[in-house]
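The listed protein sequences correspond, in order, to chains A and B. In case it helps, the numbering used here puts the first sequence at residues 750 to 1166. In case it helps, the numbering used here puts the second sequence at residues 750 to 1166.
Hints were generated in silico from the structure; no laboratory data involved. Where hints are given, some of them may not hold.
Identical copies look the same in the list; a pair holds intra-copy or inter-copy alike.
With a straight-line cut-off of 25 Å between C-alpha atoms, the simulated DMTMM-like cross-links for lysine to aspartate or glutamate are [stated by the list, open to error]: (1) K1017 <-> E779; (2) K963 <-> E991; (3) K838 <-> D825; (4) K838 <-> D1096.
Protein chains: 2
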Amino acid sequence: MPHVAELIAVGTELLLGSIANTDGQFLSQELSALGIAVYHHTVVGDNPGRLREAVELARSRADLIITTGGLGPTCDDLTKTVLAECFGKTLVYNEEAAQRMEAYLRRAGRAITPNNYQQAYLPEGCVPFQNDWGTAPGCGFEADEARVVMLPGPPSECQPMFRERAVPFLRDWTNGAIVSRTLHIFGMGESAVEDLLRDRMNSMVNPTLAPYAKEGEVELRLTARAENEAGARALVAPAEEELRGLLGELIYGVDGDNLEGVCLRLLKEQGLTLAAAESCTGGLMAKRITDLSGASAVFRGGVVSYWSEVKHSVLGVPQALLDTYGAVSEPVARAMAQGVRALTGADLGVSVTGVAGPDPDERGNPVGLVYVGLAWDGGDFVREVHATGPRGRIRQSAASHGFDLVRRRLTGLALEV
Amino acid sequence: MPHVAELIAVGTELLLGSIANTDGQFLSQELSALGIAVYHHTVVGDNPGRLREAVELARSRADLIITTGGLGPTCDDLTKTVLAECFGKTLVYNEEAAQRMEAYLRRAGRAITPNNYQQAYLPEGCVPFQNDWGTAPGCGFEADEARVVMLPGPPSECQPMFRERAVPFLRDWTNGAIVSRTLHIFGMGESAVEDLLRDRMNSMVNPTLAPYAKEGEVELRLTARAENEAGARALVAPAEEELRGLLGELIYGVDGDNLEGVCLRLLKEQGLTLAAAESCTGGLMAKRITDLSGASAVFRGGVVSYWSEVKHSVLGVPQALLDTYGAVSEPVARAMAQGVRALTGADLGVSVTGVAGPDPDERGNPVGLVYVGLAWDGGDFVREVHATGPRGRIRQSAASHGFDLVRRRLTGLALEV
C-alpha cells in the first residue's frame, strides 16, 4: 500500500490571494519523488475551527498530514495548538528550540520578545524540526496509524525544513525507491521537443518520460521505480543514453544543474574568469551567477550599462557604433563584450543588449530582439535572439543565452544554435 | 449574510507539483474585492470520485462553488460531467459554443477533432461562458440556494473568463464590498511589529489587522467590509492613520508598492538618477530596479565589483583602503558609492559590500555583515547591517537596505534606522 499524504496550508493570506500556495507545489513534487501519493491539497485561513475540520477530514483519508504555515508568533502558533488538540497531545517546552531561536534573532540583531518563546513549545513526544532558516521550529509525530508533519509557511523555510528535517523523519516509509533524472535542455522549444519525443513519451512505462517547460528552457524527467535505488538507476541509465543520442549538445546539464552553475563549474575547471556587460538584463546575469556560492573564484564582476553613456564611458563602446547602429545591435554587443573583458581583465567577456519591453526602443527595434555577445582572447561572437513573452521572461531568456554562449565556448561546441 | 465561495481546482498536474495553483490565488483576490469571502481552497486530481466528494463538501459550507480546470478534451471534461451529476443536470449541446470553438481552432491553424465537439455540451439551464481565449467553454448555474461556476484551468483563460463572464453572472451578489489596504514596512522585524500591535490585532474587528512577513520586510493588511466600497474605505482610513502614527517612516509604501518601485517613483518625481556599485549583491539591486519598466528614465547603470581589483580599477576605490580595512568595510562602501556616482554621472550612488556566505570572508568577517553606502552631491552615509538567513535572503536584505537609503534620502528622513 503506497502511503498517501494530504497537504493543509494554513493562512488567511492564501485565501485573500496575497500569495499562491507554492509550498503545496514544492511538497507535491518532493513527495512524488519519494513515492508518496498526494490526493488532496486544502487551504484554510487562520481559523481554529476550520483547521480542525480540515485535519479531521485529512485523517480519514490519508496517513500523512503535512501542514504549512500558522507556526509563527503572529498567528499565535495556531497550527501547533490545533494539531496538538486534534491528536490529544499537550505542548511542552523545548529548550533547544528556544536556544536556536535566541541565537537566530541575536545574529539578526533583532529583539527577542516574549512571544518568541511561545514558539519553543512543541507537542509532547514529537521529533522537533529545528529551524536554521527562521525562528519557528516545526515537528513530526506519530499518532494512531498516521504521521503528522508541521512546517513553517515561508518557502525559504519550508523547503529546507522539508528536505533536511521531514525527509529523515519519513525515511522508513520510503524504502522502495523511485529515481528521477532530469535532463536540462537549452536551445530547443517545448513543442519541438515534444514533437521529437512524443512516441517515446507515450510508450515508456518504467522509466516514464515527461517534459516540463521552465523559464525558456525545457526539462525532461525520467522516473523509474524499483525495489532499490540501484535497480531504479539501472532502468534510467539506458533511457538517458538514448535521449543524449537524440538531443546531443542541447542537453547542458542534469538534475540540480542550471546554465550558470554549469558555466561556474567549467570556468573553475579551466582556471578561467568571466565578466558581464549587461544592458537589457540589467544585472541579471551577474545576479544569477553570484546566487551561487563560490562564484567569486571565477566571476570578476561586470558593468550594468543601462544608459548608452555608460556603454561609451565605462565600457569604451565607440560613440560612432552607438550613433550608427544604435545600442541594440550586433556591433554594440560585440564592443560591450570586448570592453568588459578589457576593463576587468577577465578571460571571457559576455554581453547582452536588447529590448525587454514593454515598448519597442526609440529606433523601432521590436520587443524581444536581443544581441548576446562573447569575447575571448583572439575572438568574439554575437548571437541574435528573438525572445518572447513578458519583460521578465525576455530578460531571463536573454541571460540564459549569455550563459549558453559561455558554456558552448568552454566545451568546444558551435556557438550558433 | 456575506456570500461564501469555495474554490476547487481540478488537475493531477497540481498534485504532482508541476504547476502551482495560481488560479486559486487570482480568484481569491478577485472574490475578496467583490466582497465574497473565501474560506477554503481544495485541489483534487483528475478523479471523479474525489471531485464528487469535494463538491459535496463545498456545497455543505459555501454558497458559491468555483471550479478551475478539468474542462478540456484531455481530461474527458471531467469537471462538467461530475458537476452536472452532483446537481442532477443533464448535458445539452450548445451550438454557439461549438461554433466559437471551431472559429478559435481555425484562427489558431489547429485541426478540429471529434472530442473538441464534446466540449460544446453544457449543463441544462446554465449560463454558457463562451471562451474567447481558448477552446473549452465554462458556465454558471443556480442550484438550490447555491451557485456553481466552472472555469478553464490555464490562467490565460481562467482570468479573462472570470472577469468577463463570471463576474456578470454574479453581479446581483456583489453589492457589499471588502476593501484591503496593505502597508509595507522596512526596518522592523516581524515579532517587534507584532509586539507593538498585538492588542490592536486581537481587538480590531472591522477593519481587521493582520501582519505578514515577506523577504525581510513586514506587511500589515487592513481589511474592512461595508455595504459599498466608499463605506469600507471610510473604515480603513482612520485605522491606517493610527498605524502611520505608530510606525511613521518605517511605512514606505502601500498595496502593490515595493522598495525599488518607491525609489523609481521618487527619482522620477525629483528628476534624479541613480547608479549602483555592488559587491555581495552581485547585481541584485540593478536587477530589481530594472525589473520595472521605466527604470531607464532614472537608473544609469552600475558596476558589479565582485573582485577587489574591480573595486579599485573600475570604481576607483583607493588600494590603501582595501589593504587597510578590507573589501567589507565602511570606508570601502563609502568609496564605492562615491566611485560609481563619479563614473556614471548619476546624482546618487548606492553601494553594497558584505559577506553573503556561506562562509566568513578571508578577514573573518561574519556571514551577514554588510555595509550599504550612499553618496550624493556633497555628502555620503554608510549603514552597517547584520542580515541573517541563507545566502539568498542576505542578498535580498542587503539590496533592500540599499533602496531604503535611497528612499530615505529622497524623502528627507534620517538615514539611520
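State whether the alpha carbon distance between K1017 and E779 is at most 25 Å within one copy, between copies, both, or neither.
-> Close neither inside one copy (31 Å) nor across copies (45 Å); limit 25 Å.
Please work out whether the CA atoms of K838 and D1096 approach to 25 Å or closer within one copy, between two copies, in both situations, or in neither?
-> Cα proximity of K838 and D1096: none, with 62 Å in one copy and 61 Å across.
If the cutoff is 25 Å on CA atoms, where do K963 and E991 land: within, between, both or neither? Let me know, please.
-> within (22 Å within a copy, 44 Å between copies)
Intra/inter-copy verdict for K838 and D825 if alpha-carbon distance must be at most 25 Å | within (17 Å within a copy, 45 Å between copies)
Violated hints, listed in ascending order, are 1 and 4; each of the other numbered hints is respected by the structure.
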